[in-house]
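Undergrad: These are the residues of each chain, in order.
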Amino acid sequence: MLKVPGWEMSIVWYFFLGGIAGGAYFTGAIADNFGSRRDATVARIGYLLALPLVLVCGVLLIVDLGVPVRFLNMLLHFKFWDPMSIGAWAVGVFGAFAFVSAVLSFTSSESMHALRRKISLVGIFFGFFLASYTGVLLSNSALPFWADARLMGALFLASGGSTGMAAVALIMALSGRRAGDSWHKIEVADRYSMLIEILVLAIFLALLGAAAKPLISGHFAPLFWGGLVGAGLILPLLLNFFGGRVRALGAVSAVLVLVGGFILRYVVVMSIQG
Amino acid sequence: MARTLAMFTDTSLCIGCRACQVACKQWNELGLETPEWTGTYQNHAHFTDQTYRLVRFVEAPGAKPGGDLAWLLMSDVCKHCAQAGCLEACPTGAIYRTEYGTVNINQDVCNGCRYCVASCPFGVVAFNEHTGTAKKCTFCNDRIHNGLGPACAKACPTDSIQFGFRDELVAKASKRVETLKAMGFKEAQLYGADSKGFLGGLNAFFLLLAKPATYNLPDNPQRPQRNVVVDSLLSIGSAILVGVGAVLAFRERGKGDA
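From first to last, the protein sequence lines stand for chains W and B.
Per the working numbering, numbering of the first sequence is gapless, rising by one per residue and ending at 274.
Per the working numbering, numbering of the second sequence is gapless, rising by one per residue and ending at 532.
The hints are simulated quantities; they were obtained by calculation from the structure and are not laboratory data.
Hints may be right or wrong, so weigh each one.
Subject to a maximum C-alpha distance of 25 Å in a straight line, what follows is the list of computed SDA-like cross-link-like pairs (lysine to any residue) [unchecked claim]:
| hint | chain 1 | residue 1 | chain 2 | residue 2 |
| --- | --- | --- | --- | --- |
| 1 | W | K118 | B | L522 |
| 2 | W | K79 | B | Q499 |
| 3 | W | K213 | W | L235 |
| 4 | W | K213 | B | V504 |
| 5 | B | K485 | B | A456 |
| 6 | W | K213 | B | R497 |
| 7 | W | K79 | B | F472 |
| 8 | B | K470 | B | Y374 |
| 9 | B | K460 | B | A337 |
| 10 | W | K118 | B | E526 |
| 11 | B | K460 | B | V332 |
| 12 | W | K79 | B | R497 |
| 13 | W | K213 | B | G397 |
| 14 | B | K470 | B | Q496 |
| 15 | W | K79 | B | L473 |
| 16 | W | K213 | B | N501 |
| 17 | B | K455 | B | E442 |
| 18 | B | K470 | B | N501 |
| 19 | W | K79 | B | Q496 |
| 20 | W | K79 | B | Y370 |
| 21 | B | K470 | B | V451 |
| 22 | B | K455 | B | P339 |
| 23 | W | K79 | B | N501 |
| 24 | W | K213 | B | D493 |
| 25 | B | K446 | B | A429 |
| 26 | B | K485 | W | A211 |
| 27 | W | K79 | B | T372 |
| 28 | B | K446 | B | H419 |
| 29 | B | K299 | W | G66 |
| 30 | B | K299 | W | L2 |
| 31 | W | K213 | B | Q499 |
| 32 | W | K213 | B | P492 |
| 33 | W | K118 | B | I514 |
| 34 | B | K338 | B | G458 |
| 35 | B | K449 | B | D433 |
| 36 | B | K338 | B | Q463 |
| 37 | B | K299 | B | H419 |
Derived, one-sided and incomplete: chain W residues facing chain B with beta-carbon distance under 10 Å [said to hold, decoys possible]:
| hint | residue |
| --- | --- |
| 38 | D64 |
| 39 | L137 |
| 40 | A142 |
Note that the coordinates shown come from a computational prediction; the quantities given were computed from them, not determined experimentally.
Ideal Cβ placement from N, Cα and C applies to all residues, glycine included.
The shape of chain W in the complex, shown without the other chains (with noise of 0.2 Å):
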């Protein structure tokens, strides 16, 4: 008889909001260096919004612990195999980017915009590590559905992705921004994460098999295919392409895929927990 850890609703949290901080940030960077000097927007927002959400995941992480004031006793170790260990310094590191890029992108000199983009460009992978690492935390514990799923990490990588993004767009089009061009690509950018995290999400299911049974049967199914994958990534995959141009709906579909990801944490990581 297997014993589950007891991770409950900040963890969800924590899992969500982390998705969401590490792919604003690489969203943000990608931005910042590949595309025009107007979409420095897309990098601002994307820093800005990384920076507090991973205060919050850290605020999250440590009020769960069982005596939090023993926190630092993770930052005394460094176990490179150990997702868990990993994770406690890649919030913290995380956390530094964040701010020195939120910092910088408020600067007006062109040496300290080059010198952001440099640095986003190392802070990139840590944004990348963020989003998808507690998925390979969870595929590498002893319980089953979790331990079977190969493509854990893989598919929190891609809604951190596609989250990220639309707390970008929804961001952008909340604030009225007249960023035109811009907004167009952000759109574009999440479509390609929708499409992904759907075919990562399809992969993940099909080598799961029997294993997925708490997902996609019983008492967490309804939530796992109406609210995930029918409202949380088709419905607004269907908007993304047919809403054209128009910006309310860009703001519903960016609405809809922030419920999905936050839905796929609940939904891995309560219905074996029930």
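Fit chain B to the given chain W structure using the hints.
TA: Relative to chain W, chain B alone:
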């Protein structure tokens, strides 16, 4: 490292008296728990933060040499695996291996992240809400460092639980399996004695009279961390796809060949 110590639990000798369970509670000052009806004589149902030794009562039809129902009794405990999932998962270093090869949790270091709970292939490690830390059998770390055997082994009236050097106990256990087989216990087998077998061998190993699954033990428990590299590479693959997608979306047309 000192010579590896072990506990050998010979289930063929267990009479289900639960002296081990009580001795463990007494020595380790473990608290009272509300009993739970399991449909058998077994109580408690599972390992908890207050139960480190647990006699399992298994009714197995047809498991007796004559084909009758066998009442299998097994005093279960933390296996002190040579490749311990809990120890590898622990990010604080609170879970450590002693010089005797046993696995222990330093209660002053553990911060209660509970990854060890999710990483034990046997469901042994448990979380204590009051201390906020993970708990499990200590192999009576205090006793073995003072020349005494674990409390459970000391209390066992039939020598079903034996304590000693691992190599000596494995030799003894192998002979005992042969004896039992000659007596007609065809399924008699060792569980975790082979240091080349699963998890590098268990420092608390068992002699079973039926297949491991009959006792609710996994046939072939594996290191939870065995897929870290594969899973990470697949995540990197996903990152490349998402990253390339974003680069294509943001790249300035006209500069490249798109």
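Undergrad: All hints are to be evaluated individually against the structure, with a verdict given for each.
TA: We went through each hint and held it up to the structure:
Taking the CA atoms of K118 of chain W and L522 of chain B, the gap is about 19 Å. The hint holds against a cut of 25 Å. Restraint check: the Cα-Cα separation between K79 of chain W and Q499 of chain B comes to about 12 Å, which is no more than 25 Å; the hinted pair holds. For a cut-off of 25 Å, the pair hint linking K213 of chain W to L235 of chain W stands: about 24 Å separates their Cα positions. Straight-line distance between C-alpha atoms of K213 of chain W and V504 of chain B comes to about 23 Å, which keeps the hinted pair within the 25 Å bound.
Simply put, K485 of chain B and A456 of chain B have alpha-carbon atoms about 18 Å apart, close enough for the 25 Å limit, and the pair holds. As the CA atoms of K213 of chain W and R497 of chain B are separated by approximately 23 Å, the hinted pair is consistent with the 25 Å bound. Note on K79 of chain W and F472 of chain B: the hinted pairing holds, with a Cα-Cα distance of about 23 Å set against a maximum of 25 Å. For the hint linking K470 of chain B to Y374 of chain B, the alpha-carbon distance of about 19 Å falls within 25 Å, and the restraint holds.
Using a Cα cut-off of 25 Å, the hinted pair K460 of chain B and A337 of chain B holds, with the two alpha carbons roughly 9 Å apart. Straight-line distance between C-alpha atoms of K118 of chain W and E526 of chain B comes to about 19 Å, which keeps the hinted pair within the 25 Å bound. Using a Cα cut-off of 25 Å, the hinted pair K460 of chain B and V332 of chain B holds, with the two alpha carbons roughly 18 Å apart. The suggested pairing of K79 of chain W with R497 of chain B holds, with an alpha-carbon distance near 16 Å, which does not exceed 25 Å.
A C-alpha spacing of about 21 Å is found between K213 of chain W and G397 of chain B, which places the hinted pair at or below 25 Å, so the restraint holds. For the hint pairing K470 of chain B with Q496 of chain B, the CA-to-CA distance comes to about 13 Å; that is within 25 Å, so the pair holds. For the suggested pair K79 of chain W and L473 of chain B, the alpha carbons sit about 19 Å apart, so the restraint of at most 25 Å is met. Taking the CA atoms of K213 of chain W and N501 of chain B, the gap is about 21 Å. The hint holds against a cut of 25 Å.
A C-alpha spacing of about 20 Å is found between K455 of chain B and E442 of chain B, which places the hinted pair at or below 25 Å, so the restraint holds. Restraint check for K470 of chain B and N501 of chain B: satisfied, since their Cα atoms lie roughly 20 Å apart, inside the 25 Å limit. Between K79 of chain W and Q496 of chain B, the direct Cα distance comes to roughly 20 Å. Compliance with the 25 Å bound is thereby established for this hinted pair. A threshold of 25 Å between alpha carbons decides the hint, and for K79 of chain W with Y370 of chain B the separation of about 13 Å falls inside it, so the pair holds.
For the hint pairing K470 of chain B with V451 of chain B, the CA-to-CA distance comes to about 18 Å; that is within 25 Å, so the pair holds. Restraint check: the Cα-Cα separation between K455 of chain B and P339 of chain B comes to about 10 Å, which is no more than 25 Å; the hinted pair holds. A threshold of 25 Å between alpha carbons decides the hint, and for K79 of chain W with N501 of chain B the separation of about 15 Å falls inside it, so the pair holds. Between K213 of chain W and D493 of chain B, the direct Cα distance comes to roughly 22 Å. Compliance with the 25 Å bound is thereby established for this hinted pair.
At roughly 20 Å between alpha-carbon atoms, K446 of chain B and A429 of chain B fall within 25 Å of each other, so this suggested pair holds. Between the alpha carbons of K485 of chain B and A211 of chain W the distance comes to roughly 24 Å, so the proposed pair stays at or under 25 Å and holds. With a C-alpha separation of about 19 Å, the suggested pairing of K79 of chain W with T372 of chain B holds against the 25 Å cut-off. Simply put, K446 of chain B and H419 of chain B have alpha-carbon atoms about 24 Å apart, close enough for the 25 Å limit, and the pair holds.
With a CA separation close to 23 Å, the supplied pair K299 of chain B and G66 of chain W stays within the 25 Å bound. Note on K299 of chain B and L2 of chain W: the hinted pairing holds, with a Cα-Cα distance of about 22 Å set against a maximum of 25 Å. The suggested pairing of K213 of chain W with Q499 of chain B holds, with an alpha-carbon distance near 23 Å, which does not exceed 25 Å. A C-alpha spacing of about 20 Å is found between K213 of chain W and P492 of chain B, which places the hinted pair at or below 25 Å, so the restraint holds.
Of the supplied pair hints, the one linking K118 of chain W and I514 of chain B holds, its CA atoms being roughly 19 Å apart against a limit of 25 Å. For the proposed pair K338 of chain B and G458 of chain B, the alpha carbon gap of about 9 Å is at most 25 Å, so the pair holds. Between K449 of chain B and D433 of chain B, the direct Cα distance comes to roughly 15 Å. Compliance with the 25 Å bound is thereby established for this hinted pair. Of the supplied pair hints, the one linking K338 of chain B and Q463 of chain B holds, its CA atoms being roughly 14 Å apart against a limit of 25 Å.
This hinted pair checks out: K299 of chain B and H419 of chain B have alpha carbons roughly 19 Å apart, not beyond 25 Å. Interface restraint check: D64 of chain W against chain B, minimum CB-CB distance 8 Å, threshold 10 Å, status holds. Nearest Cβ of chain B to the Cβ of L137 of chain W: about 7 Å, under the 10 Å cut. The hint holds. For A142 of chain W, the shortest C-beta to C-beta distance to chain B is roughly 5 Å, which falls under 10 Å, so the interface hint holds.
Against the hints set out earlier in the document, no violation occurs for any number.
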